[in-house]
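Asks: Each chain, letter by letter, is given below.
2 protein chains.
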Amino acid sequence: MSTTDAADDGSAVLAVAQRARDAATVLRTLTREHKDAGLIACAAALRAHADAIVAVNTEDVSRAREAGTDEGLLDRLTLDRSRLESIASALEDVADLPDPVGDVVRGYTLPNGLEVRQVRVPLGVVGIIYEARPNVTVDAAGLCLKSGNAVLLRGSSSAYATNAMLVEVMRRALMETGIPADAVQLVPGMTHDSVKYLMTARGLVDVLIPRGGEGLIRSVVEGSTVPVIETGVGNCHVYVDRDADIDKAVRILVNAKAQRCSVCNAAETFLVHADVAGRFLPVAMAALRDAGVTVHGDDRMRPYAEAAGTPFVPVTDADWAAEYYSLDIAAGVVDSMDDALRHIRRWSSGHTEAIITDSQSAARAFVAGVDAAAVMVNASTRFTDGGEFGFGAEIGISTQKLHARGPMGLPELTTTTYVVVGDGHIRE
Amino acid sequence: MSTTDAADDGSAVLAVAQRARDAATVLRTLTREHKDAGLIACAAALRAHADAIVAVNTEDVSRAREAGTDEGLLDRLTLDRSRLESIASALEDVADLPDPVGDVVRGYTLPNGLEVRQVRVPLGVVGIIYEARPNVTVDAAGLCLKSGNAVLLRGSSSAYATNAMLVEVMRRALMETGIPADAVQLVPGMTHDSVKYLMTARGLVDVLIPRGGEGLIRSVVEGSTVPVIETGVGNCHVYVDRDADIDKAVRILVNAKAQRCSVCNAAETFLVHADVAGRFLPVAMAALRDAGVTVHGDDRMRPYAEAAGTPFVPVTDADWAAEYYSLDIAAGVVDSMDDALRHIRRWSSGHTEAIITDSQSAARAFVAGVDAAAVMVNASTRFTDGGEFGFGAEIGISTQKLHARGPMGLPELTTTTYVVVGDGHIRE
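In order, the protein sequences belong to chains A and B.
FYI, numbering that gives the first Met the number 0 numbers position 310 of the first sequence as 309, with every residue one higher than the one before it.
FYI, numbering that gives the first Met the number 0 numbers position 76 of the second sequence as 75, with every residue one higher than the one before it.
It is worth saying that the hints were derived from the structure and are not from the lab.
Accuracy of the hints is not assured; some may be wrong.
Because identical chains cannot be distinguished in the list, a pair is counted as satisfied if it fits within a single copy or across any two copies.
To be verified - Calculated pairs, SDA-like style, for lysine to any residue (alpha carbon to alpha carbon, straight line, at most 25 Å):
| no. | residue 1 | residue 2 |
| --- | --- | --- |
| 1 | Lys195 | Ile216 |
| 2 | Lys247 | Asp289 |
| 3 | Lys247 | Ser156 |
| 4 | Lys247 | Ala290 |
| 5 | Lys195 | Glu32 |
| 6 | Lys247 | Ala306 |
Chain A extracted, bound-state conformation:
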């Protein structure tokens, strides 16, 4: 790539960001009614252009197949009519959600008569950097529009034509409802430099949300001067306490690992208290074997795995650190809850940790002792999810501590303003 291309990308990205900024000025003043009309118009337009969108997507998929892309990625890239219908109806679901903008978070009157209200307002311009799934293009646009934000979308090059068409269809629908088309824009240029310009567009872009693998997230965090919300990295643990109900523990462990193993809220390690290992492990190993799980265990796990015929590999530090996203699980026997807590503190990614126990004091100590976005007591780690939590929509699961932690819904796409009303008040 020549220097000229990079410079072109730079000015093109900044121009797009400036247009987003201008659109954001209008978006923050739109009524809920107007934004919902825009969402519904987008859904209708996507349905009306379904054939053309599917055709363009088929070309993206063919090009990716010729380039040797693996089947999993090809599947995530594919948009057929039924997936497109789900995407369109998700926009209508977002229209049904309450508008977070204008929500009064706190309000009170000071002794001097000043009325203070802390009110939710849009963030402004939100940048989303994501990988192959074209549904993110529409989902993110819908959530940002509903929360009054302009969105800059930076998908993967393999989905570029599909994303470009989805965005074009939505932009036209917005214009027809009197909403600035620049509420939804694709970041131009597919070079690495175009991302870099996005990541350093302080003052134009208010927040970046990377959605994808650990490599993507790390590169955004390290290269960005725009504030970043990290999402979706999960090394989740299930701790089976001495006072666990064995049946519940086995059911939760298998669910947490195997119900859907390719997601960030799946369990990647389980730890069992030595006092209950003899009762728990024979049942657990059989259940894991039946679910097709390979156990990466310590020496105390081995005999139980062998007895049950569960696939077994000796555990290493790489296993404790791993997010397998596969039917593998690291496993160890611990002599106390303190040992379990120390292990979790060392290896946790701060996503979701679960304890299975019937002891109030154990549950209390575990909740106090781990530091994560979500702590489950006698429930599967798989519940850490915006949909399950009743948020109606989710832009991602934050694993950082600032601004938003855990599933992020519409309120997490806002900031606040203190509106203070006086009657000539001055400070003495």
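Here the structure of chain A is known, so what remains is to put chain B in place on it, guided by the hints.
Replies: Just chain B now, with coordinates in the frame of chain A:
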């Protein structure tokens, strides 16, 4: 500085950060009672060691004076007995505030019976990077302890001996109350590299809060991979609307500019609607003159300034951008509120914007049209302050949009965990 020094600083900073991390594990489980006892013990210890602290500070001040430090900075560096007493009693005030940790932000039961509670928990390890004032050392330590966080303090080299003694006195007091001394630590090393190690200690440090001038804040934002909360940059505007009450407008403008001009919530620009300029400006110019203010105004301002004998300089773009922190103010006449909003959007630092108007619709349009941490209607910009807002304490005023915006009190030093309690719940 040799490479060896830098490497030494690096490992020393990381060792200190690791000790803070370990202390944070204990701090998050402390009761309010225990933390308050620590705060009160620190206050008592500072009083008991007042003579020694003042003596060390006197040496810091002498060294700074010999190095040619200006009088304003020397004053901020100085700690006499009365200032030390204020600092100690501020710790006791913090003890009186409610504990934000454990506060349930939201709580509900899902249709499947899962009980979801979003609970405030400490951030973990907070780094504060600040300039000369040694009171920040104690204030920040107190607020972080109350909110269950370990703090890493990185003050200026000119206050090093004072800060080291303040920290040592507090650490000993904490130990005596059974709180880990490493709850409060000074970052070792005064080289630029020691700050760099702090700014890149991801995983050990949860958030950095720079407090000081724009240069300090910019360098932390640009050099840090640890999340940063920006504080305290304020280019605040006062807009006098066509429907303003003249007396209130003059009183508020003078208060916003001149009551204390060296702070971030002082006004730096005023804009007046052309329709009211003829009535407002003669009174305003006289009042600004009496308050010792120099007006940097546009051509339409000049005749009013000259008639009142108010010091006048033609305004430039540098003035619109300036945070004077002095008795200077930029000023312009606008033909409409839209012009005022365009001006503010272009030059605002997003701190505080004020409108003076008796019109409901004008107030509504202004609040909707500006994007700032605080918007004042008929009140002085000087009210944007944790103390004035009734927070009882303030770690700084955030001018960014993520996590905290506006005055930051104790709740802003926390994050949340979703605690989810089930009874064997699995996801279908």
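Asks: Each of the hints needs a verdict: does it hold here or not?
Replies: Cross-check of the supplied hints:
In the homo-oligomer, the alpha carbons of Lys195 and Ile216 lie at most 25 Å apart both inside one protomer (13 Å) and across protomers (22 Å), since each shortest distance falls under that limit. When the C-alpha separation of Lys247 and Asp289 is checked against a cutoff of 25 Å, the pair qualifies only within one copy, where the shortest distance is 17 Å, while the shortest distance between copies is 77 Å. Taking CA atoms no more than 25 Å apart as the test, Lys247 paired with Ser156 passes in neither setting, with 45 Å inside one copy and 58 Å between copies. Taking the closest pair of Cα atoms, Lys247 and Ala290 come within 25 Å of each other only inside a single copy of the chain (16 Å); across copies the shortest separation is 74 Å, beyond that limit.
In this homomeric assembly, Lys195 and Glu32 never come within 25 Å of each other (Cα to Cα): the closest approach is 36 Å inside a single copy and 48 Å across copies. Only within a single protomer do Lys247 and Ala306 lie at most 25 Å apart by alpha-carbon distance; the minimum there is 22 Å, versus 84 Å between protomers.
Against the hints set out earlier in the document, violations occur for numbers 3, 5.
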